[in-house]
Amino acid sequence: MADHSFSDGVPSDSVEAAKNASNTEKLTDQVMQNPRVLAALQERLDNVPHTPSSYIETLPKAVKRRINALKQLQVRCAHIEAKFYEEVHDLERKYAALYQPLFDKRREFITGDVEPTDAESEWHSENEEEEKLAGDMKSKVVVTEKAAATAEEPDPKGIPEFWFTIFRNVDMLSELVQ
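Per the numbering used here: the sequence shown ends with 178, consecutive numbering throughout.
Since the hints were derived computationally from the structure, they do not count as laboratory data.
Treat the hints with care, since some could be wrong.
Below, computed lysine-lysine pairings styled on BS3-like, alpha-carbon distance capped at 27 Å [to be verified]: (1) Lys105 <-> Lys94; (2) Lys94 <-> Lys83; (3) Lys83 <-> Lys71.
Could you put the whole structure together from the sequences, leaning on the hints where they help?
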């Protein structure tokens, strides 16, 4: 059974632990002051290999064999990784060529160099049911749009402040916009 006696309100186990810690510190200080201990420690440090190759030379042959096998595996992994990145690069080049006409067309629409056709500007929402429910509202809007079309609207070129709006509304980029 553990002795749970108290001395001045502190458990005796805690007092003993503090005494042991204090004694250990004193002993460590005494050892580090001994010149023979320091000389022996320095000699051991001098004999420790300082380079990885000198460390490997001190190992048994069986361990050296295992290390060489690991090196060969690592080289094979590096070759596979190189092949992987080569294929990724080829895919990126392939798809960059497919994307480029779309990016060019987008730039033309944004800058106002080209106006989209009716087919290009038609947008089908993923929420077809909501659109069916809002059909009546759309017909009312068409009547209003026809009336508004008779009044002259300003026709800015392209999409004003397109990229500014994108940067401002994308979380990762909005911090960059001042």
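We went through each hint and held it up to the structure:
no.: 1; hint: Lys105 <-> Lys94; result: holds (19 Å)
no.: 2; hint: Lys94 <-> Lys83; result: holds (17 Å)
no.: 3; hint: Lys83 <-> Lys71; result: holds (19 Å)
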